[in-house]
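Chains as they are written, first to last, in the numbering used here: chain L, 28 to 189; chain U, 692 to 819.
It is worth saying that the hints were derived from the structure and are not from the lab.
Quick caveat: nothing in here was measured; it's all calculated off a predicted structure.
Any given hint could be a false lead.
Which bits of chain U does chain L cover? Going by a derived footprint, with three or more residues having C-beta under 8 Å, they are [as the list claims (entries may be wrong)]:
#1 739-751
#2 797-810
Distance windows between CB atoms, simulated [unchecked claim]:
#3 U:712 - L:110: 55 to 61 Å
#4 L:180 - U:780: 38 to 44 Å
#5 L:84 - U:696: 39 to 45 Å
#6 U:776 - L:128: 47 to 53 Å
#7 L:31 - U:697: 37 to 43 Å
#8 U:777 - L:167: 44 to 50 Å
#9 U:807 - L:128: 20 to 26 Å
#10 U:694 - L:163: 49 to 55 Å
Virtual Cβ for every residue (Gly too), placed ideally from N, Cα, C.
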Amino acid sequence: MFIRLTFSPRPELVPGVSRLVADFCRLEAGDQDWIARVHIAAHELAENIAKYSTTSEVSLEVAVADEASGRTLMIRTRNRASAEHLADVARRLRELMLTRDPDTLYDEWLARSLAAEGGSGLGLARIRAESGLHFEYTIEGDELTIVVKALLHELAGRQPTV
Amino acid sequence: MPTLREVRTTTFAIVPCTDMTTPSVRLSGNGDTAAVDILDGFLKDLHVQLLGTNCPQVHVDLVELYFMNSACVRTFASWIHKVRTEGTPYRVHLKTNARQAWQRRSLEPIKRLAPNVVVLSADGPSAP
Chain L
28 MFIRLTFSPR PELVPGVSRL VADFCRLEAG DQDWIARVHI AAHELAENIA KYSTTSEVSL
88 EVAVADEASG RTLMIRTRNR ASAEHLADVA RRLRELMLTR DPDTLYDEWL ARSLAAEGGS
148 GLGLARIRAE SGLHFEYTIE GDELTIVVKA LLHELAGRQP TV
Chain U
692 MPTLREVRTT TFAIVPCTDM TTPSVRLSGN GDTAAVDILD GFLKDLHVQL LGTNCPQVHV
752 DLVELYFMNS ACVRTFASWI HKVRTEGTPY RVHLKTNARQ AWQRRSLEPI KRLAPNVVVL
812 SADGPSAP
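Here chain U stands alone, though its shape is the one from the complex (with noise of 0.2 Å):
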């Protein structure tokens, strides 16, 4: 199980579950450009404790991020890339919020990018 800390700002949070079987990670507040930095950083120690623990699969709970902006974007998709490339591949499950119709929008061409990787689902109903 890979052990990381959590980093928090006054907007935007990272928070690993590590009490979990499936390594879990929750991201919260806004990811805009003071952002890009802290989680590149962390989906880079990310993914060398997963590749180094032989862990199958990971989940991101993206249901309480309000706004990404395209460095987050491309953040993500470095790692995908990553995951896709070095080592053998883990799948990332990206739990989405339904209410927020943005996120599918911005991670389907994440998912594009890598769709053996990259698992997404929706978390409660649409907005009306």
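Isolated chain L (complex conformation) (with noise of 0.2 Å):
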């Protein structure tokens, strides 16, 4: 099952679609602590393409399906976006896939933000640290797709380290 929603990059917009993220985990499970993260993880990514969008329309959709490896929550967003942004979020978002351990990679960034104005990623890097989410990412012209996704038991059995 999918929801696929098509809105306006407008800020205001981003804690409703969200919420109706959770709210669509929901119907999946009663781990209200999967469906937090989740939430998390689409409160950032409908962030950032409500940020940094330079056209009028953005789409988050999210889906839960069978696959192979089991079954499987995904984030999908698309923007557009300035080349620029675009090269610095390419080479953000190939930092987090390589990671080996994103809690530290986190760290590292969230010290670095305090000493920078303006985008640090950190949304991002929260939503591999925090969320346990995995990114794939494409970029084809000026349209940029995000795609989160994890396995529900994995998302379900990841615990606080602390």
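Hey, can you piece these two chains together into the complex? The hints should help.
Written out as structure tokens, the structure reads:
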């Protein structure tokens, strides 16, 4: 099952969009913690596309489906963005995809963000570190597609580190 | 004792508790984009007042905070960084809701920034 939302890239729409994603997940399971993880991920992704889109329309899709490795949750966002932003986000996403220690990477980006103005990539690093979701992305022309996904049983079994 | 005004919007609130010996602040609602500037301004004022009154500690109750975006996390981290680097550091006790495990996950990186400043504690039993 899935839902696909197309909306104006306006920050005030982001809380409603992310809550709708959380409500969608409640149909799948009653585990409040993994719903909270997905809520955070959806919010951070929706905020990013609302902030960086260069057009009047962005989209976010959430789906739960059976794949070969098990039942999987997937969130996909699409937006058009400037070449400068695309280069920056691609560099950050590659780093997130390659890291074996997302917690340490998040700590580094958090510390770095304290000295920097503007975009820090912190939301993306938070998704990787806190939600346990894995990234994929493509850039075609000026369109960025980000996919985050995880097996449901991995989401449900992930506990706080302390 | 710091004197700070409470801040309320339709979805977010910061309420200082001034009737206690240790300064205390309660956050509730949703810490999303609309809350970032409010939180930032409040924490800056709080920091100035705590330094000015030489308070050794402050309690921050997050039990009824249901969401926090990365910009709010960064705002908290910025405050803690200032506590660690400006003046005489005071202790920051963050009380989380054990039923909302995301709070602990989101605040642990802030504690790692300043382990001698931040104390994390949980209120109530954890979620089943």
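Hint check results:
1. 739-751: Check failed, 0 qualifying residues.
2. 797-810: holds (count 6)
3. U:712 - L:110: 55 to 61 Å: Once the Cβ atoms are compared, 57 Å apart, the range 55 to 61 Å for residue 110 (chain L) and residue 712 (chain U) holds.
4. L:180 - U:780: 38 to 44 Å: holds, 43 Å
5. L:84 - U:696: 39 to 45 Å: The hint (39 to 45 Å, Cβ to Cβ) holds, given that residue 84 (chain L) and residue 696 (chain U) are roughly 40 Å apart.
6. U:776 - L:128: 47 to 53 Å: violated, 26 Å
7. L:31 - U:697: 37 to 43 Å: Holds - the Cβ-Cβ distance for residue 31 (chain L) and residue 697 (chain U), about 40 Å, lies within 37 to 43 Å.
8. U:777 - L:167: 44 to 50 Å: This hint holds: roughly 47 Å between Cβ atoms.
9. U:807 - L:128: 20 to 26 Å: holds, 23 Å
10. U:694 - L:163: 49 to 55 Å: holds, 51 Å
Comparing the model with each earlier hint shows violations of hints 1 and 6; every other hint is respected.
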